[in-house]
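Protein chains in written order, with this note's numbering: chain A, 1 to 117; chain B, 1 to 115.
Hints listed in this document are in silico derivations from the structure and should not be mistaken for laboratory results.
Careful: at least some of the hints might be erroneous.
[As the list claims (entries may be wrong)] Not close to chain A: a few residues of chain B, all C-beta gaps over 12 Å, as computed:
| no. | residue |
| --- | --- |
| 1 | Glu15 |
| 2 | Val27 |
| 3 | Gln38 |
| 4 | Asp54 |
| 5 | Asn55 |
| 6 | Tyr61 |
| 7 | Phe63 |
| 8 | Phe67 |
| 9 | Gln71 |
| 10 | Ser73 |
| 11 | Ser80 |
| 12 | Val83 |
| 13 | Leu88 |
| 14 | Leu114 |
[Stated by the list, open to error] Below, simulated DSS-like cross-link-like pairs (lysine-lysine); rule was C-alpha separation at most 27 Å, straight line:
| no. | chain 1 | residue 1 | chain 2 | residue 2 |
| --- | --- | --- | --- | --- |
| 15 | A | Lys71 | A | Lys14 |
| 16 | B | Lys49 | B | Lys22 |
| 17 | A | Lys14 | A | Lys57 |
| 18 | B | Lys49 | A | Lys57 |
| 19 | B | Lys49 | A | Lys71 |
| 20 | A | Lys57 | A | Lys9 |
Virtual Cβ for every residue (Gly too), placed ideally from N, Cα, C.
Here are the chains, one letter per residue:
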Amino acid sequence: NAGVTQTPKFQVLKTGQSMTLQCAQDMNHNSMYWYRQDPGMGLRLIYYSASEGTTDKGEVPNGYNVSRLNKREFSLRLESAAPSQTSVYFCASSEVRAGGLPTDTQYFGPGTRLTVL
Amino acid sequence: AQSVAQPEDQVNVAEGNPLTVKCTYSVSGNPYLFWYVQYPNRGLQFLLKYITGDNLVKGSYGFEAEFNKSQTSFHLKKPSALVSDSALYFCAVRFSSGSARQLTFGSGTQLTVLP
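Excised from the complex, chain B in its bound form (with noise of 0.2 Å):
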């Protein structure tokens, strides 16, 4: 079965920093792996996916994340934080093979990024 780990329920930062969270999946075949941001009171945001080719996958608001395949990584990345990207974060996986389109959810990072 497909699961992804969020190992962390809370990053705080301060602005200006660089800001990683994390993600690791499970897996049986190659993943199509995706990041999520949820402002509050509000529906999830596509940020950025992996499906196939260069590892360094960048995306909206300058965030960027690596597919690290021996260490079944996703990190997610920001060179600078900004106050405004605080947010809910959702590491999410899908597998290639098979009919199921079912996207699993990590359960969640909390980024607080303090000015």
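The shape of chain A in the complex, shown without the other chains (with noise of 0.2 Å):
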């Protein structure tokens, strides 16, 4: 039972590029999300999505998209990066409750550290 998984560990770009992260679950969890760390700011939700099928904006959408691949699956992709972009990226996942709802304890993959140029 691996948690969350996340690809790659490291990734350099110049600016004007674009990649993906991917993240998985093998939780069985329903609700998954993503934030970017930065110094002193803590965690900012980027996106999330409750269920698959299902994607919502978080706090800082802006030059991301995200995609629900599947129940396992959840990537984040930039798709033309800037240096405002440069953070560590973590995805997270929820499990649900009776009723539908996440149960708020997140678990959270190992990150993804991105440097643009």
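Two chains, two frames, a set of hints: combine them into the complex.
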């Protein structure tokens, strides 16, 4: 049981390049999330997916797109990378309790360190 | 809007001494409160949460936190700190009303336990 996995671990891009960050979970969780972590700012939610087939914007969605490929996988795409997107990106998932709402305890992947030059 | 504040960027404590990491929140409803810990180059790990009930919540690794509604605080505590407790600690909040599933995180507090 690997939990939440993310690829790649590290990436360096040039301004304007595109890339997709991959995330997968094997805990059969319905809800998945993408965060970015910047020094002194905690974690900020980029997008989330409450269930397969749905996605919603978080606090800082500009410059990003997401795809909930299936129940296990939730990818984050940068179409045209900018230096302001240099950050550590975390994927997380949470289970659903009775009534269909997440339990709120989120499980995090190890992160992807992205540098945009 | 929901918000959470961690007023201390850095907390230093000697091994064996009690530790406290502070968290306050701004609320317009009933909060769900969480503590997470992040070790270097790792993702966040869940420590404990308050949803309802007893104001004193016990979590992993001997940590506990006390929900204080009048002071809108949820401070993390441990009676006797270990060097291995050194890490970055995040407080987070979500409100029980509404359909939003977002957690709002504080800016983090770096805890250093000195041997």
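key: Violated constraints from the hint list, given by number and in increasing order   = 3, 13, 15
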